[in-house]
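Given chain A, put chain B in place with the hints provided.
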Amino acid sequence: MQIEQSERDGVVVLSTSGRFNMMSAPRVKTRIDETVAAGSARIVVDLSEVDFIDSSGLGALIGGLKTARQAGGDLRIAAAGEQVVTVLKLTNLDRILTPFDTVEDAIHEW
Amino acid sequence: MSGDSYVLHGFAVPEGVEALHDLLEQVGSEHPEVDSSDLMLFETAVIEIANNVVEHGRPLGKVQWRFSLDVLPGQLEAVLSDSGEAYPGDIDYVMPDELAESGRGLPLARAILDEIDYTRAGDANHWHLVRRRAASS
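Chains as they are written, first to last, in this note's numbering: chain A, 1 to 110; chain B, 1001 to 1137.
Just so you know, not all the hints are guaranteed correct.
Between beta-carbon pairs, the in silico distance windows are [stated by the list, open to error]:
(1) Lys-66(A) - His-1128(B): 25 to 31 angstroms
(2) Ala-1124(B) - Ala-71(A): 44 to 50 angstroms
(3) Gly-81(A) - Glu-1018(B): 50 to 56 angstroms
(4) Pro-1073(B) - His-108(A): 45 to 51 angstroms
(5) Arg-27(A) - His-1056(B): 20 to 26 angstroms
One-sided excerpt, in silico: chain A residues whose CB lies under 8 angstroms from chain B [said to hold, decoys possible]:
(6) Ser-15
(7) Arg-19
(8) Asn-21
(9) Met-22
(10) Met-23
(11) Ser-55
(12) Leu-58
(13) Lys-66
(14) Gln-70
(15) Gln-83
(16) Thr-86
(17) Val-87
(18) Leu-90
(19) Thr-91
(20) Leu-93
(21) Ile-96
Mimicking EDC-like on lysine to aspartate or glutamate, the simulated pairs with C-alpha atoms at most 20 angstroms apart in a straight line are [said to hold, decoys possible]:
(22) Lys-1062(B) - Asp-1038(B)
(23) Lys-89(A) - Asp-1070(B)
(24) Lys-89(A) - Asp-1123(B)
(25) Lys-66(A) - Asp-33(A)
(26) Lys-66(A) - Glu-34(A)
(27) Lys-1062(B) - Glu-1015(B)
(28) Lys-29(A) - Asp-1123(B)
(29) Lys-1062(B) - Asp-1123(B)
(30) Lys-29(A) - Asp-94(A)
(31) Lys-89(A) - Asp-101(A)
(32) Lys-66(A) - Asp-1038(B)
(33) Lys-29(A) - Glu-4(A)
(34) Lys-29(A) - Glu-1055(B)
(35) Lys-66(A) - Glu-1018(B)
(36) Lys-1062(B) - Asp-1004(B)
(37) Lys-89(A) - Glu-1015(B)
(38) Lys-66(A) - Glu-49(A)
(39) Lys-29(A) - Glu-1101(B)
(40) Lys-29(A) - Asp-74(A)
Hints in this document: simulated from the structure, not taken from any laboratory. C-beta atoms are modelled at their ideal positions from N, C-alpha and C, and glycine is treated no differently.
Only chain A is shown next, with the shape it has when bound in the complex (with noise of 0.2 angstroms):
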């Protein structure tokens, strides 16, 4: 998995690509915390590159949500897969990890 970050109006959006699993999880969860401990806790991540997720995944992504809000921030998800939205909605994640459609909205919509 490549974790690319770019900031856009003062929002870190971090682009993941290929599978969020358990080997790419604890990387991309590292790659939030020191995005959060340089500074900038308003965060999306860009899912659209990924075809697959699993608990590991979430489990970074609700790591770096978490994260994110005790510094004062957020963390967005935006352009999630079909698989991506399925496994949100299975584990009743949708409802704090809502997927914005595009990163776009994401960011506008802060």
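Structure of chain B alone, referenced to chain A:
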């Protein structure tokens, strides 16, 4: 109409989980008639069970597994057998609190599968997983 079978042997380690993903992708490409949502959900459940074996299987890193998958006219059916010590947990976990960072694997698999059974037999653990196909022929 008979089914088509796939078998994979390996170690219950994260790289082994990647091999399972690859096998399920192969199933999808060789069986375009299988509803993509069914296969996607079945893969999700299989991977959660496999993750569980990787995380809880003892001795750590030395557990070997055998995965078999049958694409049948009415259902997708798999058995994941591993050489580890008996699984210590309960398979009847409920979905944890929204802010929990772990514990969703088995509840997620149970939400997807029509049948999920765990048995300990012959010094091995056996997970039997079934999802009935949406448009069975």
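### Query
Do the alpha carbons of Lys-29(A) and Glu-1055(B) lie within 20 angstroms of each other, as the hint requires?
18 angstroms, holds
### Query
Keeping to a limit of 20 angstroms between CA atoms, is the pair of Lys-1062(B) and Asp-1038(B) held or broken?
Distance of about 32 angstroms is beyond 20 angstroms: violated.
### Message
Within 45 to 51 angstroms: is that where the Cβ-Cβ distance between Pro-1073(B) and His-108(A) falls?
### Response
For His-108(A) against Pro-1073(B), whose Cβ atoms are near 48 angstroms apart, the range 45 to 51 angstroms holds.
### Query
Is it true that the CA of Lys-29(A) sits at most 20 angstroms from the CA of Glu-4(A)?
14 angstroms, holds
### Task
Please work out if Lys-89(A) and Asp-1123(B) have their alpha carbons no farther apart than 20 angstroms.
Violated, at roughly 37 angstroms.
### Query
Could one say that the CB atoms of Gly-81(A) and Glu-1018(B) fall in the range 50 to 56 angstroms?
Violated: the Cβ-Cβ distance is about 19 angstroms, outside 50 to 56 angstroms.
### Task
Measure nothing beyond the straight line between the CA atoms of Lys-29(A) and Asp-74(A); if it is 20 angstroms or shorter, mark the hint as holding.
14 angstroms, holds
### Query
Taking only the CA atoms, is the gap from Lys-1062(B) to Asp-1004(B) under or equal to 20 angstroms?
30 angstroms, violated
#### Entry: 20 angstroms limit on alpha-carbon distance, applied to hinted pair Lys-89(A) and Asp-101(A)
Cα-Cα ~15 angstroms, so holds.
### Query
Is the hint on Leu-90(A) kept, meaning its closest Cβ partner in chain B is under 8 angstroms away?
Cβ of Leu-90(A) sits 5 angstroms from chain B, so the hint holds.
### Query
Quick one, are Lys-66(A) and Glu-1018(B) close enough, alpha carbons at most 20 angstroms?
28 angstroms, violated
### Query
Holds or violated: are the alpha carbons of Lys-66(A) and Asp-33(A) at most 20 angstroms from each other?
Within the cut-off at roughly 10 angstroms; holds.
In this structure, the earlier hints numbered 1, 3, 6, 14, 22, 23, 24, 28, 32, 35, 36, 37, 38 are contradicted, and the remaining ones agree with it.
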